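Peer 1: The chain contents come next:
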Amino acid sequence: MTGTDGGAGRDRSTPGEGRTDGGAVDDHLRTDGGTGPTSAASSTPSLLGSDVLKIVALMAGIYLLFTGFGVALGYGTNGIVNTLQRVTFLAAVYAMAVLALNLHWGYTGLFNIGVAGFMAVGAYAMMMLTAPPSAPVPGLGLPFWVGAIGGTLAAAIVGGIAALPALRLRADYLAIVTIAFAEIIRFVFRLSALQTFTVFGVRMGTGGARGISGADPDTVLTDLLFSIPIVGSEVVIPIPGTGTGILIPSVLGSISTTLQGMGVVPNVVRGWVYALVLIAVVAGFYWLLTRIGNSPFGRVLKAIREDEDVARALGKDTARFKIKAFMLGCGLMGLVGILWQGSRGFINPTENFLPQVTFFVWIAMIIGGSGSNTGSVLGGALFAALLFEGPRFAVNVVDANVELGSAPSTISAAVADLLGGDVTSMAAYVMGNIDALRFVLVGVILIYLMQNRPDGLLGHRKETAASIDLSRPARTRSRGPTDPEVAADGAGTGAGSDAGPGGDGQ
Amino acid sequence: MGATESIARGRRLLIERPTAALVALVGVVLLVDLVRRLATGDLTTETLGIFVWRGIVNGLVVGLAGIGLSMTYSILNFANFAHGDYISTGAFAGWASTWVVAGLGRADVGALILVGAGGNVFSSDLGTSITNTPLAIVLGMLVAGAFTVALALAIDRVVYRPMRGEEGISLLIASIGVAFALRYLLVFVFGSAPRSVADTPSDVAVAGVTFWFDWHQLTLVVGSVALMVGVHLLLQGTKLGKSMRAMADNEDLARITGIPTERVIQWTWIIGAGLAGVAGYLLILEAGTIAFNRGWILLLLIFAAVILGGIGSIYGAIAGGLVIGLTDTVSQIWLPSDFTRAAAFLLMILILLYRPEGIFAGRSTA
Amino acid sequence: MSEVDADADADASPEPGSGRADADGPAGAGTATRTAEATGAGGREDAAGDRPLRVEGLAKSFGGITAVDGASFDVERGQLTGLIGPNGAGKSTTFNLITGFIQPDAGAVYLNGSDVTGRPPYELADRGLVRTFQIARELSEMTVLENMMLAPMHQPGESLWRSVTPGPRRDVQAAEEEALERVWETLEFFEIDHLAEEYAGSLSGGQRKLLELARALLTDPDVLLLDEPFAGVNPSLEERLLEHVHELRERGYTFLLVEHDIDLIMENCARVIVMHQGQILADGVPEAVRADERVIDAYLGGDVE
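Protein chains in written order, with the working numbering: chain G, 1 to 506; chain A, 1 to 366; chain R, 1 to 305.
Please keep in mind that the hints were generated in silico from the structure rather than gathered at the bench.
Heads up, some of the hints might be wrong.
To be verified - Quick list of the computed label-pair ranges, beta carbon to beta carbon:
(1) R294(R) <-> M163(A): 49 to 55 Å
(2) V29(A) <-> P143(G): 43 to 49 Å
(3) T257(G) <-> M163(A): 29 to 35 Å
(4) D309(G) <-> G63(R): 18 to 24 Å
(5) V52(A) <-> G201(G): 37 to 43 Å
(6) M266(R) <-> D309(G): 29 to 35 Å
(7) G420(G) <-> T200(A): 46 to 52 Å
(8) V52(A) <-> T219(G): 48 to 54 Å
(9) R161(A) <-> D263(R): 56 to 62 Å
(10) D309(G) <-> L48(A): 47 to 53 Å
(11) V23(A) <-> T219(G): 14 to 20 Å
To be verified - Quick look at which bits of chain R chain G covers, simulated, 3 or more residues with Cβ under 8 Å:
(12) 90-99
(13) 272-284
It should be emphasised that the depicted structure is a prediction, and the values quoted were computed from it without experimental measurement.
Idealized CB from N, CA, C, for every residue including glycine.
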């Protein structure tokens with residue numbers, strides 16, 4: 001691994017030159033228009049563009065694929081639009097989850113396999129805050145926003161509690177602690193004793209094994225979007241003097257009408273609006289985490305991942321950094337739990353938040369490349385589309401177009417048929433059990449990646465952790481390092497950067 | 001004087017190791033409460049006995065399986081997250097054989113080998129139990145062990161050997177991949193529905209005395225203990241055992257002094273996976289029903305046992321297993337039953353935080 | 001003593017981006033504050049200004065083995081002091097004890113007059129004491145520039161909210177620009193600026209040593225503890241390294257070197273401290289130490305009374 005990746009023909013022997021374009025190197029990622037006081041190159045849209053382009057391209061490819069599936073399965077417009085919505089939903093929630101986990105593992109080197117537990121805390125806190133007091137599992141009846149913020153905070157706080165003692169553990173021990181912690185959380189939420197309880201005179205509950213219902217992000221956020229003028233609701237501009245006005249239709253309204261004209265059911269349209277909300281949230285996560293990554297804070301996190309002792313020796317209170325990163329990541333995971341498992345307003349501990357989910361998120365992260373935010377999004381989308389949803393669709397397509405007969409109920413029957421020369425029986429069995437096989441595939445892919453490409457798709461790409469471009473600033477003089485008495489000293493050892501072999505040891 | 005010395009030692013303990021002192025205190029409090037409940041009749045000796053016995057039975061399985069996990073953790077230097085699925089695989093392999101043998105001629109081999117997948121054959125049809133079909137059971141045990149060994153060696157060849165020397169985290173993640181692949185292959189082959197595999201056995205009655213345990217529990221206890229003794233003899237009495245202990249303690253040293261480490265690694269898998277497979281078989285024998293995730297569900301408990309006992313220590317794994325098993329059941333005295341497992345996990349977390357080398361601080365393998 | 005401590009503690013908060021650093025602005029000004037505090041403290045505590053580092057009665061045992069047994073010495077400002085001794089003498093342990101990587105069983109460490117015994121490494125760095133590692137621990141997956149930019153202390157951007165919120169982020173960027181200048185200057189001083197964009201992991205051994213030292217400098221230390229900085233370094237690089245070190249010394253930095261190369265120490269250090277079996281055997285100018293019988297005995301393997 002020598003040298004940075006990508007980059008438009010940078011000549012390493014003359015650093016600092018050839019950078020007039022402000023960095024066509026796509027591993028220096030800035031999201032704001034940083035115009036520093038000196039000549040350091042400001043961020044360019046092209047950097048951000050190339051990464052976003054990758055994501056857009058991938059999603060376009062996925063949409064194409066699933067549209068193809070839909071067509072091959074004879075879906076009408078409604079069916080196809082619905083399918084695309086579902087894929088978008090999954091891609092978005094996985095992308096969010098992986099982005100949050102990436103902060104823990106990719107940046108700070110914290111091996112957290114308790115992701116599902118923190119998602120549960122977020123979702124449960126939200127439900128408990130928003131459930132109506134009259135419901136069978138009562139809550140505080142607060143509005144969704146309070147619940148969402150409360151859930152995110154709760155997850156962050158629980159993360160902090162877990163972090164305080166555990167962050168000094170080595171990685172594999174931390175892994176075991178986090179998964180144990182997540183299981184304990186699930187047990188807590190499943191406790192029949194906590195199904196309903198009273199605290200400070202207020203009746204609340206977790207719903208125990210039966211689950212809990214609360215606010216419905218799907219409905220709330222979709223309604224919200226529809227209520228924004230121009231975007232979601234039509235606006236009438238009154239013409240003064242007359243009794244009439246100009247009707248400006250809303251964006252969503254127009255799209256909705258068009259789609260419905262094409263045969264799409266209103267529910268599906270609303271589903272799509274929610275998917276758009278999720279995309280916006282992904283963008284928000286991405287923005288936040290990229291800013292964190294490209295900053296001194298992110299730099300310290302990277303250093304902690306590499307070699308914590310060095311960071312400490314250089315004066316960084318690494319425990320604080322780790323706790324902050326951990327709490328933030330857990331808070332984000334809580335939010336994901338609210339928007340994902342909690343999206344319909346109902347959660348229960350038997351079906352949701354199983355350890356499996358954590359491992360899926362991990363696998364998605366490994367695929368995309370830990371350490372890269374763009375990789376996280378790509379990995380999440382790829383996993384959701386190709387490994388999670390895709391196989392079933394592919395199988396259905398084959399099923400619809402190839403006559404295979406009914407699948408045998410056991411593999412022995414299929415094998416017997418196979419030995420008798422009938423391949424279709426086995427094929428049918430395989431396709432009928434594609435749900436299980438896709439996880440076998442996931443496992444195999446994971447093994448392959450760890451052996452051959454542990455950096456995943458984009459992990460090898462180094463995103464420089466700084467808020468500014470780090471190339472040599474234009475200066476008029478060359479000095480040695482500042483000495484303790486802050487004396488101006490002109491006796492530095494020359495400015496020549498190519499002069500001599502420059503410090504080559506053995 | 002003995003007393004003053006003890007007091008002085010106690011005081012030193014309190015100051016130097018406050019956590020240990022706290023744990024000891026909690027233990028004493030619980031013990032006192034236990035006695036109180038027994039005395040007041042809150043808790044009958046019978047109930048307590050059931051808890052203890054249950055804990056021992058569970059603990060033996062966990063301990064038996066834990067030996068393998070402990071060995072691979074210390075000799076191969078990574079936490080094998082697929083260990084639970086080795087247990088499940090062994091169980092299925094063993095029970096498939098048992099069914100085939102027990103049901104030969106009476107039902108379709110295809111259905112038998114899948115342990116009743118497809119819902120055509122039932123355990124009641126076969127009457128599999130140690131008392132009815134002892135040969136089938138014993139054979140099942142052997143196959144369970146042997147198959148898991150073969151599987152583990154194959155997996156080591158394909159997955160871990162190319163990664164020899166990499167850091168534990170990479171191997172851990174790879175083992176997660178192995179876990180997924182194995183588990184869902186089991187689903188693919190055997191289906192996901194849990195099903196009964198053995199007849200309910202009768203309580204053991206000998207010479208007119210009826211014991212509180214049944215024949216399958218007895219088989220489990222006898223089998224586990226026998227295997228544990230066997231492992232002990234192997235590690236203490238043979239050169240291989242010495243090599244393994246040396247490697248667990250210091251791999252570089254072992255390499256330098258010429259102990260063939262690949263051989264040791266293979267034997268680690270052989271012993272570890274063999275025990276896991278048999279543990280899986282016995283687990284299912286005693287429980288009566290089998291499912292694809294029985295081993296996976298147990299994994300965290302096994303980790304708890306291994307960590308408690310000290311990674312790399314065989315006796316630690318066994319003792320840890322018993323402690324965890326007992327914690328799981330006996331804590332029902334104080335906790336709601338759907339929370340006792342969480343108590344065991346909490347115990348493990350505390351150990352990891354405050355005494356990660358385990359109770360038996362064993363860096364030595366045996 | 002406690003008076004000094006209280007003041008020092010109040011000022012020297014180790015939290016990045018908080019308190020003092022905010023008041024002072026970006027990283028560079030922090031130095032002036034610390035120097036003022038040091039001399040202020042020195043004024044109260046006699047000789048603390050001249051002896052920025054002082055160690056008294058340090059002791060540490062591991063199990064039954066005594067690694068350091070009552071070591072006491074001090075280091076003079078603006079000087080190269082060498083710490084030598086045969087293998088197992090306790091030099092590395094002493095280093096670790098001073099820099100907070102290990103807790104001492106007994107004894108005290110005074111930095112600029114304040115008691116810093118057992119304080120964590122990051123606090124010591126904050127107070128002006130930084131160490132390098134024997135095996136150069138460059139952060140190999142980060143570029144040289146990133147390695148260097150990591151080092152300056154109290155960067156406002158090390159605060160999470162500041163690096164994210166749009167307004168404060170401008171300040172963060174401004175601070176980074178300033179740090180960047182110093183970084184490039186330092187890289188040029190050590191003549192490794194052409195490697196700036198390389199991954200630290202791809203550097204040669206000698207280049208890593210230079211990076212290690214350069215990076216340590218950016219923390220604006222008063223005192224640098226160098227752990228075998230010349231180990232495995234070829235003669236020409238060694239010469240250049242020594243040149244740099246001497247030049248830095250002339251500018252006022254204080255060095256304590258642990259080394260195995262006795263000649264190097266004797267030729268370059270104004271003072272030499274010899275450790276043996278965990279104790280200070282000799283402490284003085286090179287000529288005196290060189291002639292000390294006990295030192296000779298120690299190196300020849302004999303037990304010294």
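Peer 1: Among the hints numbered above, which are violated by the structure, and what are their numbers in rising order?
Peer 2: 3, 7, 9, 11, 12, 13
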